[in-house]
Amino acid sequence: MTAEAPDGALLREIHRGGPAGREAELALCRRYGPRIRLYGLRHLRDEDRARDLVQTVLLGVLQAAREGRVRAPEQLVRFVLGTCRNVALRTRQLEARAEPVSDEVLAAAGGAEAPRDRVDAAVLLRCLSLLGERARRVVELSFHEELESDEVAARLELTRGNVRVIRHRALAALRACLDAPAGEAR
Amino acid sequence: MSCPSPIAWETLVDWWAGDLEEQEALAVEEHLLGCDLCAREVSRVAGAAEALRTMVPPVVRPEKLRSLAEAGVRIFENPVLPGHPSTFHFPGTADLVIHVLGGLQLGKDARVEVTIRGENTGQVYGQLEDAPFDAERGAVLVACQRDYARFDHDVVAEVRVHDGPRKRPPARYTIHHHFD
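Those protein sequences? They're chains A and B, same order as listed.
Residues 97 to 282 in this note's numbering are what the first sequence spells out, letter by letter.
Residues 7 to 186 in this note's numbering are what the second sequence spells out, letter by letter.
Among these hints, one or two may not hold up.
List of simulated lysine to aspartate or glutamate pairs, DMTMM-like, C-alpha gap at most 20 Å [what the hints assert, rightly or not]:
(1) Lys173/B - Asp136/B
(2) Lys70/B - Glu241/A
(3) Lys114/B - Asp169/B
(4) Lys70/B - Glu142/B
(5) Lys173/B - Glu135/B
(6) Lys70/B - Glu236/A
(7) Lys114/B - Glu69/B
(8) Lys70/B - Asp142/A
(9) Lys70/B - Asp140/B
(10) Lys70/B - Glu242/A
(11) Lys114/B - Asp140/B
(12) Lys173/B - Asp115/B
Derived by calculation from the structure, the hints in this document are not laboratory data.
Full structure from sequences and hints, please.
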């Protein structure tokens, strides 16, 4: 069972169990773990909570796959999304960490962790300084102060549409600058 | 790895910023969970957005400073007065240093401009037209991080206060850094 096996093949192996099933579980965790983490970051805005979400969702997905409750690939994505939504909602409601899961799933999910993007503070500062004043304010208000577009628009006397366009471009420029080899982002 | 209908960068940014209608957001999420190519692209959006969310801005608000301290960040303060060059060794035990640029008269309605540049290179590291300040302490709080060791170690911060009709000359603070 290779890491590139389609979801349907992984689900079948997991349902069959045994060593091949265990391998398929790992492949499924590696595939979906980073995507679930991004969902968690987007909705929970916290790295640790996003990682808790990954573990809780993967536990639910593996259990369902082992029991044969999820068989078709298109069912899998919907199942993952539904579980993500429920867990994220519960996490927000409780404002607490998700329950810890078994060592077995922790081990399986271990391979699924995407590396944290550790951005050098000096590089970020330099890249921000390359944006125009207005673009810098838009991305700071949107992503650092986490204001909604309407609030950003009111604060900077822009329309909501302007804010979105400036934000798309500014974030693309910032990303390109962060990706540039050291010394080239000028 | 391919995708028959990749999600546009603009849509991914809007999704991350919470600017899509619920049904559209759900469709995007379903696609992202099932598509490696688009998940990789949104991770580029996320990386930049998360860097902004978690960054310590060059000039910080007093409340932000308190929340960082409560979160366990080890903060060291370096009081600096205008016109008196300060030599500063970044402590090995500090996560963050705050240069407290003091000696300012700051009304609550003041507008404060701050420019931070290298003393020798003139390179601008930060320029804020409406910077936050600590009115109680009469100070602007400039954050310094170990990563900044790659910048010019000798830095000049210029603070200009606009408060009422009277024009005041800018206050200049010179800080010579030493990083271990």
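Structure-based check of all given hints:
Our distance criterion of 20 Å between C-alpha atoms is met by Lys173/B and Asp136/B, whose separation comes to about 16 Å. This hinted pair checks out: Lys70/B and Glu241/A have alpha carbons roughly 11 Å apart, not beyond 20 Å. A threshold of 20 Å between alpha carbons decides the hint, and for Lys114/B with Asp169/B the separation of about 9 Å falls inside it, so the pair holds. Taken as a hint, the Lys70/B and Glu142/B pair is honoured in the structure, with Cα atoms around 15 Å apart against an allowance of 20 Å.
Restraint check: the Cα-Cα separation between Lys173/B and Glu135/B comes to about 16 Å, which is no more than 20 Å; the hinted pair holds. Among the hinted pairs, Lys70/B with Glu236/A is consistent with the structure: their alpha-carbon atoms are about 14 Å apart, no more than 20 Å. Note on Lys114/B and Glu69/B: the hinted pairing holds, with a Cα-Cα distance of about 15 Å set against a maximum of 20 Å. Restraint check for Lys70/B and Asp142/A: the C-alpha separation of about 17 Å stays at or below 20 Å, so the hint holds.
For the hint linking Lys70/B to Asp140/B, the alpha-carbon distance of about 11 Å falls within 20 Å, and the restraint holds. Only pairs whose Cα atoms come within 20 Å are accepted, and Lys70/B paired with Glu242/A is accepted, the gap being roughly 14 Å. A distance of roughly 9 Å separates the Cα atoms of Lys114/B and Asp140/B; the hinted pair therefore holds under the 20 Å criterion. The straight-line distance between the Cα atoms of Lys173/B and Asp115/B is roughly 15 Å, inside the 20 Å bound, and the hint therefore holds.
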